[in-house]
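Turn these sequences into a full structure, and let the hints guide you.
Residues per chain, in single letters:
Protein chains: 2
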Amino acid sequence: MLSPLTVIPVEGLPEFREGDVLADAIAGAVALEAGDVVVVTQKAVSKVEGRLVAVDPDDPLSHKALVESEAVRIVRRRGDLIITETAHGFLCANSGVDLSNVEAGFAALLPVDADRSARRIRDGLRARTGLAVGVVVSDTFGRAWRKGVTDVAIGVAGVAAVIDLRGTKDALGRELEVTEVCVADEIASAAELVMGKSRAVPAAVVRGVDPAWLREGSVADEIVRPPAEDLFR
Amino acid sequence: MLSPLTVIPVEGLPEFREGDVLADAIAGAVALEAGDVVVVTQKAVSKVEGRLVAVDPDDPLSHKALVESEAVRIVRRRGDLIITETAHGFLCANSGVDLSNVEAGFAALLPVDADRSARRIRDGLRARTGLAVGVVVSDTFGRAWRKGVTDVAIGVAGVAAVIDLRGTKDALGRELEVTEVCVADEIASAAELVMGKSRAVPAAVVRGVDPAWLREGSVADEIVRPPAEDLFR
Numbered sequence: 047m048l049s050p051l052t053v054i055p056v057e058g059l060p061e062f063r064e065g066d067v068l069a070d071a072i073a074g075a076v077a078l079e080a081g082d083v084v085v086v087t088q089k090a091v092s093k094v095e096g097r098l099v100a101v102d103p104d105d106p107l108s109h110k111a112l113v114e115s116e117a118v119r120i121v122r123r124r125g126d127l128i129i130t131e132t133a134h135g136f137l138c139a140n141s142g143v144d145l146s147n148v149e150a151g152f153a154a155l156l157p158v159d160a161d162r163s164a165r166r167i168r169d170g171l172r173a174r175t176g177l178a179v180g181v182v183v184s185d186t187f188g189r190a191w192r193k194g195v196t197d198v199a200i201g202v203a204g205v206a207a208v209i210d211l212r213g214t215k216d217a218l219g220r221e222l223e224v225t226e227v228c229v230a231d232e233i234a235s236a237a238e239l240v241m242g243k244s245r246a247v248p249a250a251v252v253r254g255v256d257p258a259w260l261r262e263g264s265v266a267d268e269i270v271r272p273p274a275e276d277l278f279r
Numbered sequence: 047m048l049s050p051l052t053v054i055p056v057e058g059l060p061e062f063r064e065g066d067v068l069a070d071a072i073a074g075a076v077a078l079e080a081g082d083v084v085v086v087t088q089k090a091v092s093k094v095e096g097r098l099v100a101v102d103p104d105d106p107l108s109h110k111a112l113v114e115s116e117a118v119r120i121v122r123r124r125g126d127l128i129i130t131e132t133a134h135g136f137l138c139a140n141s142g143v144d145l146s147n148v149e150a151g152f153a154a155l156l157p158v159d160a161d162r163s164a165r166r167i168r169d170g171l172r173a174r175t176g177l178a179v180g181v182v183v184s185d186t187f188g189r190a191w192r193k194g195v196t197d198v199a200i201g202v203a204g205v206a207a208v209i210d211l212r213g214t215k216d217a218l219g220r221e222l223e224v225t226e227v228c229v230a231d232e233i234a235s236a237a238e239l240v241m242g243k244s245r246a247v248p249a250a251v252v253r254g255v256d257p258a259w260l261r262e263g264s265v266a267d268e269i270v271r272p273p274a275e276d277l278f279r
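Residue numbers (the numbering used here), protein chains in the order written: chain A, 47 to 279; chain B, 47 to 279.
Because the hints were derived from the structure by calculation, they are not lab data. Some hints could be false.
[What the hints assert, rightly or not] When the alpha-carbon atoms are kept at most 30 Å apart in a straight line, the in silico DSS-like pairs for lysine-lysine are as follows:
1. B:K215 <-> A:K215
2. B:K193 <-> B:K110
3. B:K110 <-> A:K193
4. A:K193 <-> B:K193
5. A:K110 <-> B:K110
[As the list claims (entries may be wrong)] Residues from chain A shown here face chain B by an in silico Cβ test under 7 Å; the list is partial:
6. P50
7. T52
8. E57
9. G58
10. L137
11. R192
12. G194
13. L222
14. C228
15. D267
16. R271
17. L277
For each residue, glycine too, the CB sits at the ideal point set by N, CA and C.
Next up, the structure:
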């Protein structure tokens, strides 16, 4: 029998500040098991990594200047909406600069390297619990063609970003046409279903993923599509 | 305490054929509960709806002609990769025409109207079980900018496609900036994590979604971004 997957919101976490150790807080708030994947929101990571910067809430240009300084390229602009490419290679609104769930007068920037952020959390969880778990740092991005945002992975550690099914046969014994599945984005989306946007739940545990996915992983190397291969920027 | 979400693969389903009743098979294979969301793959829906068409497996042009006939517009083309816009307004590879998990010599087309397909399954499940459940018809799409495919919703019934958090406050009491979350795509992605690509598991049950999401829904009306609003086609 195939196992179900369980997605557990991590409750009781404090409002995080620069220098807080996410692994300590998470290990203290939930009983982890080997093979779990812990999903942590970008907002929590940015706060502990000191990625908050002051903005003037009454001056929209203050936010706009920040968005442009975090962009390597402005990809599209319409009205107030700015789609940029970030130094990480992400295409997203406002370079990922975000005012929600941040103290008034501040904006949160993306982590400098969210794969590294994920590794730090994974290493901390291993030190605290002795368990090997995967970690996904998630953020909320819009996308082309479809309305509404979904959560995606911006960093991973100890879990695959993309699995390669090349050579795998389908249920009828034929080679699969679609071979690269972005499980890290799917894990981030599953976690968002329990975290919500308005509740103070910055982490979730996804229990029961395929153990074969628990390997070294990297959003930067596996998910970010090189510009030369991208038909839509 | 917040509830966890559980994603249960529906095992023991038969290989579906035209005319089979998906609701009967699913209700017989899994014990549903009120408030569940049942995710069914496009492939299963297309099979029971007779959306298989003959192709010559030795003639790539046979598949290509089908892809073009299912497109209202070719959006991009590079080598063998064709991104099209379908009559539904979806942007995807090969107009959603797919040879995997289909008998040799046939290709599966997308359902004509997957919201209607989802309503039919929901109505059948209600008739069989007396329970009100949501239904998502899922398919596997690539996307701009990010490598790997993920599962998304192509039809829904009895569950929101996009929830609107406008007016909702964040954990610190500020208005949210991001207000429209595509929960149907997140539910489809969560289900894919247990369905895999190579296993014969064409359905999953997502248990524990926010009851407020269980309302009438429509991918066509809520997710498909009108061309005039789309910056990337």
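Holds or violated: B:K215 and A:K215, Cα atoms, limit 30 Å. Distance ~48 Å between B:K215 and A:K215 Cα, so the pair is violated.
Measuring from the C-beta of A:G194 to each C-beta in chain B, is the shortest one below 7 Å? 3 Å, holds
Less than 7 Å between beta-carbons is the criterion; does A:G58 satisfy it with respect to chain B? 10 Å, violated
Given hint A:E57 near chain B, where the shortest CB pair must fall under 7 Å: At about 6 Å, which falls below the 7 Å cut-off, the nearest Cβ of chain B leaves the hint on A:E57 intact, so it holds.
So, as I understand it, the hint says A:T52 touches chain B; can you test that by seeing if any CB pair is closer than 7 Å? 5 Å, holds
Against chain B, with CB atoms and a cut of 7 Å, does the hint on A:D267 hold up? 10 Å, violated
Is B:K193 within 30 Å of B:K110, Cα to Cα? Holds. B:K193 to B:K110 sits at ~23 Å (cutoff 30 Å).
Satisfaction of hint between A:K193 and B:K110, Cα-Cα up to 30 Å: 29 Å, holds
So, A:C228 near chain B? Judge it on the closest CB pair being under 7 Å. Holds. Min distance 3 Å.
Have a go at the A:L222 hint: is there a Cβ in chain B nearer than 7 Å to its own Cβ? 5 Å, holds
Is the straight-line distance between the alpha-carbon of A:K193 and that of B:K193 30 Å or less? 20 Å, holds
Supplied contact hint for A:P50, tested at 7 Å Cβ to chain B: The hint holds - A:P50 has a Cβ within 7 Å of chain B, the shortest such distance being about 4 Å.
The structure is inconsistent with the numbered hints 1, 5, 9, 15, although it conforms to all the rest.
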